[in-house]
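4 protein chains.
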Amino acid sequence: MAGNSFGQVFRITTFGESHGEAIGVIIDGCPPNIEIDLEYIQSELDKRKPGQSKITTQRKESDTVKILSGVFEGKTTGTPLAMLIPNEDQRSKDYSHIQDKYRPSHADYTYQTKYGIRDYRGGGRSSARETATRVAAGAIAKAYLSKHGIEIFAHVSSVGTIEAPNLGDLSIKELVTIREQNIVRCADPATANQMITFIDAVRKDGDTVGGIISTVVKGVPAGLGEPVFDRLHADLGKAMLSINAVHGFEYGSGFSGASMRGSEHNDIFVNPDRNIKAIKTLTNFSGGIQGGISNGMDINFRVAFKPVATIMKAQNTVDTSGEETQIVGKGRHDPCVVPRAVAIVEAMAALVIVDHFLRNLSVSGS
Amino acid sequence: MAGNSFGQVFRITTFGESHGEAIGVIIDGCPPNIEIDLEYIQSELDKRKPGQSKITTQRKESDTVKILSGVFEGKTTGTPLAMLIPNEDQRSKDYSHIQDKYRPSHADYTYQTKYGIRDYRGGGRSSARETATRVAAGAIAKAYLSKHGIEIFAHVSSVGTIEAPNLGDLSIKELVTIREQNIVRCADPATANQMITFIDAVRKDGDTVGGIISTVVKGVPAGLGEPVFDRLHADLGKAMLSINAVHGFEYGSGFSGASMRGSEHNDIFVNPDRNIKAIKTLTNFSGGIQGGISNGMDINFRVAFKPVATIMKAQNTVDTSGEETQIVGKGRHDPCVVPRAVAIVEAMAALVIVDHFLRNLSVSGS
Amino acid sequence: MAGNSFGQVFRITTFGESHGEAIGVIIDGCPPNIEIDLEYIQSELDKRKPGQSKITTQRKESDTVKILSGVFEGKTTGTPLAMLIPNEDQRSKDYSHIQDKYRPSHADYTYQTKYGIRDYRGGGRSSARETATRVAAGAIAKAYLSKHGIEIFAHVSSVGTIEAPNLGDLSIKELVTIREQNIVRCADPATANQMITFIDAVRKDGDTVGGIISTVVKGVPAGLGEPVFDRLHADLGKAMLSINAVHGFEYGSGFSGASMRGSEHNDIFVNPDRNIKAIKTLTNFSGGIQGGISNGMDINFRVAFKPVATIMKAQNTVDTSGEETQIVGKGRHDPCVVPRAVAIVEAMAALVIVDHFLRNLSVSGS
Amino acid sequence: MAGNSFGQVFRITTFGESHGEAIGVIIDGCPPNIEIDLEYIQSELDKRKPGQSKITTQRKESDTVKILSGVFEGKTTGTPLAMLIPNEDQRSKDYSHIQDKYRPSHADYTYQTKYGIRDYRGGGRSSARETATRVAAGAIAKAYLSKHGIEIFAHVSSVGTIEAPNLGDLSIKELVTIREQNIVRCADPATANQMITFIDAVRKDGDTVGGIISTVVKGVPAGLGEPVFDRLHADLGKAMLSINAVHGFEYGSGFSGASMRGSEHNDIFVNPDRNIKAIKTLTNFSGGIQGGISNGMDINFRVAFKPVATIMKAQNTVDTSGEETQIVGKGRHDPCVVPRAVAIVEAMAALVIVDHFLRNLSVSGS
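Chains as they are written, first to last, in the working numbering: chain R, 1 to 366; chain L, 1001 to 1366; chain G, 2001 to 2366; chain V, 3001 to 3366.
Treat each hint with caution, since some may be false.
Cut-off 27 Å, straight-line C-alpha distance, at most; resulting in silico cross-link-like pairs (BS3-like, lysine-lysine) [stated by the list, open to error]:
| # | chain 1 | residue 1 | chain 2 | residue 2 |
| --- | --- | --- | --- | --- |
| 1 | L | Lys1054 | L | Lys1075 |
| 2 | L | Lys1204 | L | Lys1330 |
| 3 | G | Lys2280 | V | Lys3330 |
| 4 | G | Lys2204 | G | Lys2330 |
| 5 | L | Lys1204 | L | Lys1047 |
| 6 | G | Lys2277 | G | Lys2047 |
| 7 | V | Lys3047 | R | Lys66 |
| 8 | R | Lys60 | V | Lys3173 |
| 9 | G | Lys2280 | V | Lys3313 |
| 10 | L | Lys1280 | R | Lys330 |
| 11 | L | Lys1075 | V | Lys3277 |
| 12 | G | Lys2204 | G | Lys2147 |
| 13 | R | Lys218 | R | Lys204 |
| 14 | G | Lys2066 | L | Lys1066 |
| 15 | R | Lys313 | L | Lys1280 |
| 16 | G | Lys2060 | G | Lys2204 |
| 17 | G | Lys2277 | R | Lys75 |
| 18 | G | Lys2218 | L | Lys1066 |
| 19 | R | Lys277 | G | Lys2075 |
| 20 | G | Lys2330 | V | Lys3330 |
| 21 | G | Lys2047 | G | Lys2218 |
| 22 | L | Lys1277 | R | Lys280 |
| 23 | V | Lys3277 | R | Lys66 |
| 24 | V | Lys3218 | V | Lys3173 |
| 25 | V | Lys3218 | V | Lys3277 |
| 26 | G | Lys2313 | V | Lys3280 |
| 27 | L | Lys1060 | G | Lys2204 |
| 28 | V | Lys3218 | V | Lys3204 |
| 29 | R | Lys54 | R | Lys313 |
| 30 | L | Lys1277 | V | Lys3075 |
| 31 | R | Lys313 | R | Lys60 |
| 32 | L | Lys1218 | L | Lys1047 |
| 33 | L | Lys1280 | R | Lys280 |
Bear in mind the hints are in silico, worked out from the structure with no lab data behind them.
Work out the full structure, taking the sequences as your base and the hints as a guide.
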């Protein structure tokens, strides 16, 4: 009801505020006998952590994760897997100037209205810091999926008006290598350089900018997703829209499909291998999902992020007593959120797919 | 788990296939003492029903709804409210030619793979016929919301490449009147005419085309929505993506926000009435939702529909034994789904908002 | 939230009042490819239906069930399976005398207080008539379990102070045959005769009496149930306590275990067949469940029913305006509910076990 | 699905094994603006903690709770409230002798069968240690209920065959005072002495014994509970049956109601104060709940606990390779679990009632 859980079989519940003692996550329904590689979990967290480059916030958090339960002798036991990430660099004083002011396009006003109380030190629960716990849980989901041949890749395909070209036929392993060679996490090196230069200029201007993350999932077997409300793309959409700053989601043809004709949009079935278990489509405007259920083709989708709300410029606003006032951003914030959000998008995609994978066992195995 | 339910407090569960005996819906958690106006429910269904104009399918269904439970002496009792809509014009013979063939960009193949069985008479459960039950439930949600001052308006803002201009400052009542004066359900009469001409041409060509529906919700109080996974826009997104043929969702600035700067995107708080309960924002790129929680401004979002998959042209495909074959659409299908989908979008929006409205009572009333 | 659903994977949602048009149930998550035998479902309903003997209510309902969806060519399709049972013998006039009076130990007062409105024609939603829909759904659950070697047997083990001796080593098939040869549904014929004579005397006295139903489930594989809150016996307990008139539940040693010592209560593990997959226990005070999870032994439990509240004697009470008054039972009611409740207990047990069976597939198959 | 959560609006999720690093709980849906008194939470934990007297296990755990999130400046914020209790006295070596043997009437065998892996150091997740986290969460629920005039009292009413007489008309405050003056937590001092002597003798004999806990809840307003599956007593029953070692639950007349007649069992409505909001019943065989909904009278129920399975005597059993063997209990275990379980029963009752209290706000406030 209060909505801090996600998933049905592989269900995560997150807790913790940006300036409290710690944040954490419980995975309930994690399958038993998965080998847990703490280094891998940590490496995923490192892709999201603050302070990793000149185009991210300079807040310093090592985001060191600790497993409290659910793992015995290096393997999951099927019981709740709890992970804790202490908050280290809290610097609450940075936020004292905004205790009584509603920051524009932040959640200060809506939280105050909903709860009648809020932790004014930073965003509290509305801070993107919460997403670190999703990345930790997502790393375990990705490890499980990988064993079943399912791989997820996301990258920054657009920053401001700079757009990357479509990716070619590279493997996910190759794509990851290219992406991780630049700090903006775009899989096209030339575009990446333009993006970095642009974000740096925006940063120096005390401003922020939005962007788009594109994702592909390979190896998903046909049959995942439920037909009516819990369509696979509907759950992916909800997952992505639950990430801070996301304002749009599209899969397959997406918004461009709205101006297409059926005769060009339909994905023609073919069977090149004469294998009834490996039917394919010639095109993939369906984005790998038909009637809400995966069809065995690559799943692809795009997620739009608005610019970060905290800027280093003076802005008008209203204080908690209703008086109009001014506010100037302080603290340490990201000029553009998408380079760090790549890890979050992959984590949420993994959480959706592992959940539907496990849900489908009670249909396919019945 | 099987995903035929939606909502938490105001929870609907739908059933029925396109060519079975009946479709229906149970609302569990409908508040007591709501007056039920069957004529209003029927009028909502009439906006979605087939055969209503030359630009919709000619399948004839009166979509007459019957209430089986949960209403006593004209008022809801708080117990499950069940509604039934018999299928009248089933004409199963129209579908015999596709019994053994997977229709391109339909759910035939994914259902067969998932369940190992499917009702091959039409789309069965994947048919948009299921959405009639959502419209019936949504009508009750809308009636409840209306008593609390919340009004929802959707219209067709785009068909193919034809786009309607932004709507002015008309009231929702005025907008509905304009929209209902044309069969494409666009609130701009000049654009509506272009759209109708275009859809009719597409239809004569045996083809189909996609479109976009834009929605505004007025009167939502600040405080609805949950902060992390069940953000108000995430639940709206999931609701919209669960409608047949939807490939994209955006709210507020949406995908265009990805190329904006924070300094132009931030919505400045103002308090023109010096009323602490009526704080407003100068712009509304947030789409009425900040941190996942409504802020009292208008909520707005856009939903992209792909073109209908059934076309009256020959297409290559594969049959259930894996052989490549050809298929030609028969039966009665829509050249463009958006005019009928306006009622579905409004219904799903109402279901999300009434659910969060009731959920919030356990926070605000605690 | 409003609690008209039960189960997680095999999830039922029921609707309908005792004096409305119809009652019904949706099963969401019914596995595909189960053969549906309407006659079997009907035969289960016949065990619960009113008017079946001199010791049940004389209300006449054929309880004829109709399947509206989810079945195609005699098999389930994996989509929602909806069943409808029309109300035939409503005789609303029988209830006019209680429109304004709260019947003692009925739900009239609590419903009125909770909802501010109630269907005063009979119990409305609080009537045991609702349980017919559970029996219909349970019949499908039982058919599925039977294919997996799981059989459920319940019988009336106690009425008033008359108790049946422990059953011997008969098969479930034999037990059912014996039970169905008497109208009280006790598997010990001599005790059954005493019970029938006693109930008939109570009925002639215008009074009612309670009883106990004992249940055994054979063939449940080890591993079903979840370790903490959703223990198999906790879900069985909730299921039984959700049946009208039930005031107690115990499994294995039950309340008598509270006065035993560990040294006599512990069930010693043995392996007579030297088969690691067929470990047994010498005794079964655990009732087939250890740590909330089935251990492969027979599951057994007992359910206590209070006497029916409607009696044919004058009683003092209070009316809806708070005035003290008198009431005399009219209408057609059961002198003892347990003979008809046997079918309900079996149905609810089947629903719990099929749900945990399917839930466990996502653990065991992962 | 994996069942480590309980409740719908006030929803707890617990984690942690008996011999891991820590155990903990997240409350999601805790109302905002509740004052948090850590000392009170700790005092509740002290009633459950091991080592508190000669008739409990000598395992030493301070059970010091730490709040990680959801509280700001001493008040709840409406966001997830996470609490952590480190494990201090783990002594894993005590358990090495049972690594490969299935302890009789423990969950070793069922866990191994279900998951294919288990933490063999003590009961892992099946240990009653998990219930400490429920007591911590329950303390917050109790504090909230107390502000709304709802008080819960449980005590040990039976150990072996020693039964306490019915309690008189004392207030809950007086009852607590009496109960806390003896180490067995029985509210009748004379009976308490007998119980203590008996348990001590059982302990010296290396054996264990069961018992019964009786509970009364005062001040619950009429209207809590849902009519069909989520009846208030069904949820109380599930809550109690989810506590380790519980084998039976009854409310109101319970099992004794099965041998009563309707004319003696019916609770006659009266209105002594001529106050339509304060209708009462002369007797309370309904246990304060009618049709699954509270009626404003005291709620009462009883919970039966089997004897603890770990005894200090040699027992036959089977090892993990299927060979028959012997086992002798070591370690530190309770001769009788009920004195410590009083706090758990109260906590679970509080969790059920606060959940239904908050659920009902979306009905009563709609």
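Checklist line | Hints that the structure is at odds with (numbers, increasing) | finding: As far as the earlier hints go, 1, 6, 7, 8, 12, 13, 18, 20, 22, 23, 27, 28 and 33 are violated by this structure, in ascending order.
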